[in-house]
Structure formats: C-alpha cells, structure tokens
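There are 2 protein chains.
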Amino acid sequence: MTSLASLKSKQVRLIKRPIGVATADVWQFTEEAVADPGPGGIVVKTLALSIDPAMRGWMNEGKSYIPPVELGAVMRAGGIGRVVESHNDNYKEGDIVIGGLDVQEYASFPEKSIKRSGITKVDLRAGSETQWLNVLGMPGMTGYFGLMDVGQPNLTKQGETVVVSGAAGAVGQTVGQLAKIKGCRVVGIAGGKEKCDWVVKELGFDACIDYKASPSSVKAGLKQHCPEGVDVYFDNVGGEILDTVLTRINKKARIIICGAISQYNNTTAVNGPKNYLSLLVNRARMEGIVVFDYADRYHLAVTEMAGYLRDGKMKSKEDVVTGIEKFPEALNMLFEGKNFGKLVLRVASA
Amino acid sequence: MTSLASLKSKQVRLIKRPIGVATADVWQFTEEAVADPGPGGIVVKTLALSIDPAMRGWMNEGKSYIPPVELGAVMRAGGIGRVVESHNDNYKEGDIVIGGLDVQEYASFPEKSIKRSGITKVDLRAGSETQWLNVLGMPGMTGYFGLMDVGQPNLTKQGETVVVSGAAGAVGQTVGQLAKIKGCRVVGIAGGKEKCDWVVKELGFDACIDYKASPSSVKAGLKQHCPEGVDVYFDNVGGEILDTVLTRINKKARIIICGAISQYNNTTAVNGPKNYLSLLVNRARMEGIVVFDYADRYHLAVTEMAGYLRDGKMKSKEDVVTGIEKFPEALNMLFEGKNFGKLVLRVASA
Numbered sequence: 001m002t003s004l005a006s007l008k009s010k011q012v013r014l015i016k017r018p019i020g021v022a023t024a025d026v027w028q029f030t031e032e033a034v035a036d037p038g039p040g041g042i043v044v045k046t047l048a049l050s051i052d053p054a055m056r057g058w059m060n061e062g063k064s065y066i067p068p069v070e071l072g073a074v075m076r077a078g079g080i081g082r083v084v085e086s087h088n089d090n091y092k093e094g095d096i097v098i099g100g101l102d103v104q105e106y107a108s109f110p111e112k113s114i115k116r117s118g119i120t121k122v123d124l125r126a127g128s129e130t131q132w133l134n135v136l137g138m139p140g141m142t143g144y145f146g147l148m149d150v151g152q153p154n155l156t157k158q159g160e161t162v163v164v165s166g167a168a169g170a171v172g173q174t175v176g177q178l179a180k181i182k183g184c185r186v187v188g189i190a191g192g193k194e195k196c197d198w199v200v201k202e203l204g205f206d207a208c209i210d211y212k213a214s215p216s217s218v219k220a221g222l223k224q225h226c227p228e229g230v231d232v233y234f235d236n237v238g239g240e241i242l243d244t245v246l247t248r249i250n251k252k253a254r255i256i257i258c259g260a261i262s263q264y265n266n267t268t269a270v271n272g273p274k275n276y277l278s279l280l281v282n283r284a285r286m287e288g289i290v291v292f293d294y295a296d297r298y299h300l301a302v303t304e305m306a307g308y309l310r311d312g313k314m315k316s317k318e319d320v321v322t323g324i325e326k327f328p329e330a331l332n333m334l335f336e337g338k339n340f341g342k343l344v345l346r347v348a349s350a
Numbered sequence: 001m002t003s004l005a006s007l008k009s010k011q012v013r014l015i016k017r018p019i020g021v022a023t024a025d026v027w028q029f030t031e032e033a034v035a036d037p038g039p040g041g042i043v044v045k046t047l048a049l050s051i052d053p054a055m056r057g058w059m060n061e062g063k064s065y066i067p068p069v070e071l072g073a074v075m076r077a078g079g080i081g082r083v084v085e086s087h088n089d090n091y092k093e094g095d096i097v098i099g100g101l102d103v104q105e106y107a108s109f110p111e112k113s114i115k116r117s118g119i120t121k122v123d124l125r126a127g128s129e130t131q132w133l134n135v136l137g138m139p140g141m142t143g144y145f146g147l148m149d150v151g152q153p154n155l156t157k158q159g160e161t162v163v164v165s166g167a168a169g170a171v172g173q174t175v176g177q178l179a180k181i182k183g184c185r186v187v188g189i190a191g192g193k194e195k196c197d198w199v200v201k202e203l204g205f206d207a208c209i210d211y212k213a214s215p216s217s218v219k220a221g222l223k224q225h226c227p228e229g230v231d232v233y234f235d236n237v238g239g240e241i242l243d244t245v246l247t248r249i250n251k252k253a254r255i256i257i258c259g260a261i262s263q264y265n266n267t268t269a270v271n272g273p274k275n276y277l278s279l280l281v282n283r284a285r286m287e288g289i290v291v292f293d294y295a296d297r298y299h300l301a302v303t304e305m306a307g308y309l310r311d312g313k314m315k316s317k318e319d320v321v322t323g324i325e326k327f328p329e330a331l332n333m334l335f336e337g338k339n340f341g342k343l344v345l346r347v348a349s350a
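Chains as they are written, first to last, in my numbering: chain A, 1 to 350; chain B, 1 to 350.
A portion of the hints provided could be inaccurate.
[Unchecked claim] Label pairs and their computed distance ranges (CB to CB): (1) A:Glu336 / B:Glu329: 33 to 43 Å; (2) A:Asp149 / B:His87: 25 to 35 Å; (3) A:Lys92 / B:Asp293: 53 to 63 Å; (4) B:Thr267 / A:Glu336: 32 to 42 Å.
[As the list claims (entries may be wrong)] If you want the ones that stay clear, here's a sample from chain A, every Cβ over 10 Å from chain B, calculated: (5) Pro18; (6) Met148; (7) Ala213; (8) His225; (9) Gly238; (10) Ala260; (11) Gly288; (12) Asp293; (13) Pro328.
No lab work stands behind these hints: they were computed from the structure. Ideal Cβ positions, reconstructed from N, Cα and C, are used throughout, including at glycine.
Whenever a hint applies, use it, and build me the whole structure from the sequences.
Here is the structure:
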C-alpha cells in the first residue's frame, strides 16, 4: 500500500469565472497532501483526463444540467486512473477506474462519494486507457445514445442520411462510424482537409465537408453529398452550420442538440437558429441529449462498441497532450479546433 | 338549379409578392363569370372564409409545406360554403361544405379537384358556420393534433403545465380548453387585458399573461403562474416570447412549433430562439406541426370536439369581418393582434 503521508497531489483550481475565452488568470495551480479517504474510501491516481467542450459551460455561473464548478474548487473533469489505496472491498489496489477524477494528480474518495462521482471499474482488454475516455467513455456514450435514442435512425428503411458536425471529434467519430455500421449514409462536417480526409479514408464516412474551405462550403457540400436531404443531424457546433443544415432537412428529420462549441465562448447572446421554422415546414424535431440520463444502459453500449473495436469495425483517434500543467491550453485547443480526435490530457504514464 | 350563366363572382388575386406587411398594391379585385365545373363538378357559394396567419407565408416565394400562391391567382383560403350547383352524385344543392374555396364569391370545382381541394360535407348541427372554421376546422384540428400528438401531455400524471401563446386566437383557444379538459394546468399568453380576462373567465384557463403589459410581463408571469415550470409550450408566435418560455421549461419538455406570427412580416431574417440550448440542458424537444398530416383522423377529432361544444365544455369565439372587399385589411388585423377570437371573413349571409 502506498504511504499516503508521502503523497503530494497537484491540482488545477478555477478561481475566476471567464468571460469569453478562458484566460490564464482564471486558473490556480496548487499542491497539497492527498486527503485520507477514511473508512470505505479509495484513492485514485489520475492517468489521463478527458478534455471536453462541456467543461467551458461548467465554468459559468447559473443553472445548467449540473451545477457550475465552485470558485476555488478543483476543476471538474472525467478521467481514468488506478486505485492506489483502498479501504473498500469492491476495489483493490491496481484496479483501473473511470469517473469524476477532476484536474488533479490524485483523487481521494470517501466511501459516500465513490458512487456519486461515477467511479466504475473498467477492463483494459476492451479498450486502451485513452479509448476508455473516447469511444468507450462519455463521448462514445453521448454519441451512442444521442444517435440511437434521440436521432432514431430508421434501420428498416436503409440509407437514411446522417450528418454529423465536429466529425473528427470524440462524439463525432462515434456517431459517424456507428451510423455507418447501422446502414446509414453518413456525411461529416469538420475543419480542414486533414481531418476530412481522415474521416472519409480511415473512418469510412461517405463524405466529409470542410467548413473552413470557404464560406459557402457547408451549403455546397450538403447539396452535393446529401442529394436526398438530411434525415438525422447530430449537432455538436451550433451557429451557422446548424442554420445551414436546417435548410436541407427532410420531412420528419431529427436534429440532436449535443452541444454548440461555436457559441460557448460568446460574450454576447448565443446565436439562435434563425432557420428554426424549417422544423415547422418539415414537421421535424430538435431535441437535446444529456448522456447522464442513460447511465443505466452504459454497460450495454460499451459491450456493443467494444465488439466493434475488437472486430476493427470502429476506430478511434485520441490527441494526447502531456502534463497536468498543460490543462489550460489543452482546453482552449478545443475551441480553436486544434485537436485532431478526442483530446486527452495525460497526467501520469502508469 | 341556379343559372350559371347569370352568376358573376368577385375574386381577390395576389399580383405582387409583399415585402414585410402586405400593402394594398399586392391585391387585385376582379369579377368574372363563374366557370362551368364540367361533368362531375360542383359550384360552391362562399359563405365565410378563414383568415389565418399561415396565409402570409403562402404569399412568399420559395419552398414551404405547400407551394406559394402563384402571381395572378386567386388568393388561397379555406372556407365554408353552400353547394349551388352539382353534377356529382355525392353532393346536392344546399349541402354545406368546407375546404379550399379561396378568396372569391363562388368556387367552381371540376370533379378531379374536389378531393384535392379538401372539400368535405359538414353538419351544421355539430357547430355553426363560423365554428366550422374555428374549433371544428383547420385551427381546431391544428390545436388538437399539435397538442395531443406532438405535445403529448402526460395524461396519467395529472397537472402537467401547458403554456400557449396566441391564447385568444383560433388555435390557442382550442389548445387551452382541450388541455384543461385533459386535466392539465393551462396558462395562456395574449395581448391586452380584455383578451386575457376572456381567456380566464370564459374559457377557464388557470391564468393568462398579457405580453403587452410590460417588457418583463411574460418573464414575471411565467414565474408566477408556472411555479413548477413548463411541460408543454404550444408556440404560435416565436420571437421573444418563445425565448422567454425556453428559460422556464422542465426536463423533457415539449415545444410545439405551430407558427411564428411575430416573424412573418419580417423584412430581415427571422430571429432564431437564442435560448435553444435550453433544449440540451433540459433534454427537451421542439417539433413542428403541419395539420394536413392528420387529415385521415380529422373526423375523430371533430367528433370529440363537437361533443365538448354540445356539452358546453368548450366555447369558441369568432371575430367576424363582413365583405369580401375587406379581405386585405382583415389579413393585416391578424399581425397587429387586432382580432379577438378566430378571424372570419363573412362573404355571404346565405
């Protein structure tokens, strides 16, 4: 058993609410002794953290689907880690777990907070550490239940057209590959030729539109690649891309609102979808997804997706930044579209 | 049988596409002999026409749920009339019918266009002529299927809160009264004290918010009258009211997009709902309704609603403007919120 007394843990704390892009001064780096988790508790050493667009929302004041991170608190983050101390019969030293580890080197969980933090043992034979933060983790679960439960692609009428933005991102790669596996026509939207090429050549999407290519590339691309219109649109970005897709949806189309990365750093109001009346004309639906609602079915989706990974039907790509001190810049990479694949912060190698 | 040769019919034709509010110069008044409907056809004398917000959309160029009215054509309108000549065994002189009569004194239907124009015999014992354009007509059907099929109020969990805008209008009065009958808590939004009082005192809504009372009256009113949030919002208006309701919706709320009367005369882009990410936070849904999709079930809804009218459980109010020459100003009344109840244009008394 590791001697807790000797363990120090670095943390990244939120000390100021950002306006727009999160600048360096909203963060504070601290180092503290690891707290004793007490009877029934465990201590987890963080191996890698998931860097997600949703984090930007957690930093704002105000009501959302979960409370904001309190000022002074360690920044919230999901991650994968190794149990280094256990006073709980359900966990033993060496177990690999995922859950709410937050941006710190060690997370100490009193017994009552183990479940609340979503700590779950995982099997590295099903996927690598970083895949457990990607296809087998929250992004994968979001893509899975967003597409299947909210988007409801018609699986008997093969060939429905699914469009997904942020196609090279964590959620996007899951959504697109899963839709292909289920028999849909899949068109991605991503930023830059490199990402688009990868999405088509490696992931097998039918096409991918480079929204950075020109101001009209999304409009032209949808016309070219979705000749029969759009049945399901999985939206990770909001803004102008959402507006453009709304002009191409089919009757009874389903739009899954998963995020709006284009709007998260706005200092003014969000741009609402000005073409929303297309929902009326097309008797279409726009619906939000929050992955936590599906927690009791994660295990089913993980089993299915691990099978696809094993059989080579699904691939995953992670973009790994190393070092807890890189957290602030890693987060901002997301909003500049600089990451290629699921963005992961490697905190410790083992 | 009326002598067709002697019959002249006045028409109102669309000769120009309006930009913003429809001005007098977009209309042309003509008078022509009534066309012979030919074998199997019928001639219908228009008694009253339904004046609807959707008409403004039909006047615009471009793709919608039905093609725009062609320039030079008689303006499209639904109405109620009396068969004055029939060469068809299914209709006899004196039958009362509803359907696409258009803005003219007499409508001549060749056999093949009777069905296409939605001509349906009606029974004046179930409702008056104007009620057949209101609760028993398109607005009533829109309210019925929009609320029940798209809004899906939870009828086992009594007391869900339904909010409806345009509450004193044709669709709004149906939605609100029906939701009350089904056991929901109902809050209307309407313009002016007189309409709000009527909605509460005559129609039995639990409350009605006067959006004209002050710039913050909708926000304050929702807070006061929907202490447990909004489960179903039936939107007839769009714009700021939609945005404000979005801040008060409950988890898994359903928003029915029926229209956006605040936006139809815009000369610039529609204002998209800038709070649409509330759909994400609340895992809520926004979905369009087009009444024509439910044509095969109209008869069921009419039977149910006629029963409510007969039993006094449902009331209806029509605002009647008389004279075909008043059509242009009647249409504009809608967008100024000047009508009180379903707006009807009386074209002939019998």
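Checked hints:
1. Separation of A:Glu336 from B:Glu329 is about 55 Å and departs from the stated range, judged on CB atoms against 33 to 43 Å.
2. Between A:Asp149 and B:His87, the C-beta spacing of about 55 Å breaks the proposed range 25 to 35 Å.
3. Under the hint 53 to 63 Å, the C-beta atoms of A:Lys92 and B:Asp293, about 58 Å apart, fit the expected range.
4. Separated by about 36 Å at the C-beta atoms, B:Thr267 and A:Glu336 satisfy the suggested range of 32 to 42 Å.
5. Its beta-carbon lying about 18 Å from the closest one in chain B, A:Pro18 satisfies the requirement of being farther than 10 Å from that chain.
6. The Cβ of A:Met148 lies farther than 10 Å from every Cβ of chain B, with a closest approach of about 15 Å, so its non-interface assignment holds.
7. Listed as outside the interface, A:Ala213 is consistent with that label: its C-beta sits roughly 24 Å from the nearest C-beta of chain B, beyond the 10 Å cut-off.
8. Taking the minimum C-beta to C-beta distance to chain B, about 20 Å, the non-interface status of A:His225 holds against the 10 Å cut.
9. At roughly 8 Å, the least C-beta separation between A:Gly238 and chain B is not larger than 10 Å, which violates its mark as non-interface.
10. Listed as a non-interface residue, A:Ala260 fails to keep its Cβ farther than 10 Å from every Cβ of chain B; the least gap is roughly 6 Å.
11. The Cβ of A:Gly288 sits about 4 Å from the closest Cβ of chain B, inside the 10 Å cut-off, so the non-interface label is violated.
12. With a closest Cβ-Cβ approach of about 6 Å to chain B, A:Asp293 is found to fall inside the 10 Å limit, against its non-interface label.
13. Even its closest Cβ contact with chain B, about 24 Å, leaves A:Pro328 beyond 10 Å, as expected for a residue assigned away from the interface.
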